[in-house]
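Protein chains: 2
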Amino acid sequence: MAGNFKKDLFAQFARVAKALGNGHRLELLEFLAQGERNVEDLARVSGLSVRNTSQHLQQLRQVGLVTSRKQGLHVYYRLTSDDVVQLLQCVRGVAERHLADVKVLVDTYLTVKDALEPMPVAELLERVRQGEVTVLDVRPSEEYAAGHLPGAVNIPLAELEQHLDELRDSGEVVAYCRGPHCVLAFEAVERLRGKGLKARRLQDGFPEWKAAGMPVEAE
Amino acid sequence: MAGNFKKDLFAQFARVAKALGNGHRLELLEFLAQGERNVEDLARVSGLSVRNTSQHLQQLRQVGLVTSRKQGLHVYYRLTSDDVVQLLQCVRGVAERHLADVKVLVDTYLTVKDALEPMPVAELLERVRQGEVTVLDVRPSEEYAAGHLPGAVNIPLAELEQHLDELRDSGEVVAYCRGPHCVLAFEAVERLRGKGLKARRLQDGFPEWKAAGMPVEAE
DNA sequence: ACACTATTCCATAGATTAGTGGAATAGTCA
DNA sequence: TGACTATTCCACTAATCTATGGAATAGTGT
Numbered sequence: 187m188a189g190n191f192k193k194d195l196f197a198q199f200a201r202v203a204k205a206l207g208n209g210h211r212l213e214l215l216e217f218l219a220q221g222e223r224n225v226e227d228l229a230r231v232s233g234l235s236v237r238n239t240s241q242h243l244q245q246l247r248q249v250g251l252v253t254s255r256k257q258g259l260h261v262y263y264r265l266t267s268d269d270v271v272q273l274l275q276c277v278r279g280v281a282e283r284h285l286a287d288v289k290v291l292v293d294t295y296l297t298v299k300d301a302l303e304p305m306p307v308a309e310l311l312e313r314v315r316q317g318e319v320t321v322l323d324v325r326p327s328e329e330y331a332a333g334h335l336p337g338a339v340n341i342p343l344a345e346l347e348q349h350l351d352e353l354r355d356s357g358e359v360v361a362y363c364r365g366p367h368c369v370l371a372f373e374a375v376e377r378l379r380g381k382g383l384k385a386r387r388l389q390d391g392f393p394e395w396k397a398a399g400m401p402v403e404a405e
Numbered sequence: 187m188a189g190n191f192k193k194d195l196f197a198q199f200a201r202v203a204k205a206l207g208n209g210h211r212l213e214l215l216e217f218l219a220q221g222e223r224n225v226e227d228l229a230r231v232s233g234l235s236v237r238n239t240s241q242h243l244q245q246l247r248q249v250g251l252v253t254s255r256k257q258g259l260h261v262y263y264r265l266t267s268d269d270v271v272q273l274l275q276c277v278r279g280v281a282e283r284h285l286a287d288v289k290v291l292v293d294t295y296l297t298v299k300d301a302l303e304p305m306p307v308a309e310l311l312e313r314v315r316q317g318e319v320t321v322l323d324v325r326p327s328e329e330y331a332a333g334h335l336p337g338a339v340n341i342p343l344a345e346l347e348q349h350l351d352e353l354r355d356s357g358e359v360v361a362y363c364r365g366p367h368c369v370l371a372f373e374a375v376e377r378l379r380g381k382g383l384k385a386r387r388l389q390d391g392f393p394e395w396k397a398a399g400m401p402v403e404a405e
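If you read the sequences in order, they're chains G and U.
Letter by letter, the first sequence follows residues 187 to 405 in my numbering.
Letter by letter, the second sequence follows residues 187 to 405 in my numbering.
The set of hints was computed from the structure by calculation and includes no laboratory data.
Hints are not guaranteed to be accurate.
Identical copies carry no separate label here, and so any pair may be met within one copy or between two of them.
[Stated by the list, open to error] Below, in silico cross-link-like pairs of lysine-lysine (DSSO-like), each with a Cα-Cα straight-line distance of 27 Å or less:
no.	residue 1	residue 2
1	Lys384	Lys396
2	Lys396	Lys193
3	Lys192	Lys289
4	Lys193	Lys289
5	Lys192	Lys396
Work the whole structure out from these sequences, hints included.
Encoded structure:
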């Protein structure tokens, strides 16, 4: 009797984990962590067919990780709550610390990772108070529009070269993007440094900032 | 190129989640969170065949969640690190908060849950300092032996009735077991209250205590 | 060397999951 | 109303996962 309860309960927990057990779904969740999006949009950015995307979203919804609302023709999905972001952080953290393959990937693709001097949130707050830094959001403009760090400037990575002068005049740049493993901020900091600017990478991305309860500005 | 990195990385994270995506494996992890155990032992307590247990353990090992060491004939498995416990906590938490089926299960099997007044760790520390409480570990003695709260008394649930007198003389009882959803402490507190003792349940179990960096006593 | 034990490896049948195409649904726009 | 769009539902194939039994491996004790 109690034995059944235990089995049943673990089976339920397993459902949640199973929903996370697919790379495409994790990618969808990362996009959703930036803000609400409709199915077509998600299909486009993730490179999946619309139907397939829809099915994955259903699975995520069935285990309560996302919810949806219908507006006009579109169905907009979003994360059910910020604790989903924390769960993702947890999975990523364990994977990075204990899975050798992840270390290899990170080391080969993310330019030594620590060479770009990731800045902790606490330090950023201090710097911002002293007016020494420009906070730079290098995500696509839709994601910036859906929510971003207060006072952050949005320059999508592709347009970075055209805005070098503005950045050059305004002290050190701290760039962030979708999360700690997203390449956008890495790439941005590298390019900025290549042009002689002082630039560092924020340790976490927008979703982690928001999930930590920090203030968010939308536009 | 960067796109491949992203897909590959998410695929790796998914491997970790997939390893958690099975009730039997979650149960094995919960047992391992109590302390090191060999395959046969794990098979027995989880009700799986030895071969099957071994295969599940391999999967957990492949994604770095557990490690093993060989001693004599036996292979002993243990969690790779305490952050695996935190990951499990995270999964359970999200499931409990967002999955209706879990709420139903918890409410029907766990005696109203909050009626037993779960005590937070901070409060326990305070009480212990004042010498007002007996900390009671109701897990099987092997698990107690592998590690327990400092000063805790071990009375496995089955033997509770024989030790009522000892407990009656020593103030309030705070019982804990394998984790926040484990039935042992619930059951213990109910029985103790039924016999007229003052008893409460510790909010978390031994693994969470240990993973939080609190001191642990082994015997 | 021998029998013995605990664990792992391998092959296999049944169950589950991922992705595809066609059809159904609900809402919009003219 | 009818044409159109975004999304979901359904059916189907290929791939993956679970549990089982038989065989192999490594270590123990005699």
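Here is what the structure says about each hint:
1. Within a single copy, lysine 384 and lysine 396 get their C-alpha atoms as close as 26 Å, which meets the 27 Å cut-off; across copies the closest is 42 Å, which misses it.
2. Proximity of lysine 396 to lysine 193 under the C-alpha cut-off of 27 Å is restricted to the inter-copy arrangement: shortest distance 24 Å between copies versus 35 Å within a copy.
3. Taking CA atoms no more than 27 Å apart as the test, lysine 192 paired with lysine 289 passes between copies only; the shortest distance there is 14 Å, against 35 Å inside one copy.
4. Proximity of lysine 193 and lysine 289 under a CA criterion of 27 Å is satisfied inter-copy only: 15 Å between copies versus 34 Å inside one chain copy.
5. In this assembly of identical chains, the alpha carbons of lysine 192 and lysine 396 lie at most 27 Å apart only when taken from different copies (22 Å versus 34 Å within one copy).
Every hint from the earlier list agrees with this structure, and none is contradicted.
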